[in-house]
Structure formats: structure tokens, C-alpha cells
Amino acid sequence: MLLRQRAWADDMRVVLHGRKRVAVLHAPRLLMTSDNGRAHLEGEVRLQGQPGSAFQAVMELRRDTGNGFDADLQADMQLESLIGLSALLGFDDILRFDDASGEARLWGNWQDGRLADVRLDVTSPRLALNREVPAGTSEPASCSTT
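Numbering (the working numbering), first residue to last: 26 to 171.
It cannot be assumed that every hint is accurate.
[As the list claims (entries may be wrong)] Straight line, CA to CA, 20 Å or less: simulated EDC-like cross-link-like pairs of lysine to aspartate or glutamate: (1) Lys-45 / Asp-118; (2) Lys-45 / Asp-137; (3) Lys-45 / Asp-123; (4) Lys-45 / Asp-124.
If you're looking for bench data, these hints aren't it; they were derived computationally from the structure. Computed from a predicted structure; not experimentally measured.
Whenever a hint applies, use it, and build me the whole structure from the sequences.
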């Protein structure tokens, strides 16, 4: 554990190999600090080939209880970064983001290593979702909001 220390990693890349394509996540800098037994992690991740950041996140690890950790997370995301990501992650047959604009903010809280609370705030002037519907059903195959 870092005790009153600061560490960072520059220019990190993670390559995700999907069934249909490959995506590269790029983190220009990830920062880790610790003070008084609390760890702090923060960073920005970009999807290579798309302008802007995919998401920014800050996580505070409060303590390890022996049964797991306690932590808080806040993440901000540009919804445009979700386009095409569902295909890469392999769930585009369930739900696909065809078009999106706006942003989302996520808050999460873990207690004893388990997610105890999660909240999501989405502001989206345009969001188009699509999903495959089995043949013979009358459900609409897509919906959008403007």
C-alpha cells in the first residue's frame, strides 16, 4: 500500500479484441495516491480513433474490512463513446447503440466488497437503441428519443 505516496502511469493502452473488431483504450495518465489509509485512483480513458474522452473516473478506496473493501466511485462518460462498443463487447445482439449524444454520470458505493448503491444521471438530447427481435413477434425493433 502507498503511504502518503503518489504514483502514476503514463500512456497506457489496453487492446480489446471483439468478435467483429478490435478497439484500443488509451489512458494518457492514471494517478494513484494514498494518505491516512485511503487510496485515491483517477484517470481519463479515450477510445482510440474517436475524439474526446470515453470516460473519466475517480475512485476512493476507504478501507479493507477483512470481508472486502469499502469504496466510492464517480465516473463521467460521453454517450458518443458507446456507439460501436456494444458490438465489440459482444452484446449487440441484445442491445445496440446506433446513435447517441450527451453525457452520463455514474456514482457507485461498495461496502464489504459488494456494490451497495449505484446511481446514474443521463442527459441525452439524442439516443437511438436497437435490438434484434425474434421472427414472428410484433415488438418494435428499435426506439429512439430526441
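Results of checking the hints against the structure:
no. : hint             : verdict
1   : Lys-45 / Asp-118 : 12 Å, holds
2   : Lys-45 / Asp-137 : 38 Å, violated
3   : Lys-45 / Asp-123 : 16 Å, holds
4   : Lys-45 / Asp-124 : 19 Å, holds
Comparing the model with each earlier hint shows a violation of hint 2 alone; every other hint is respected.
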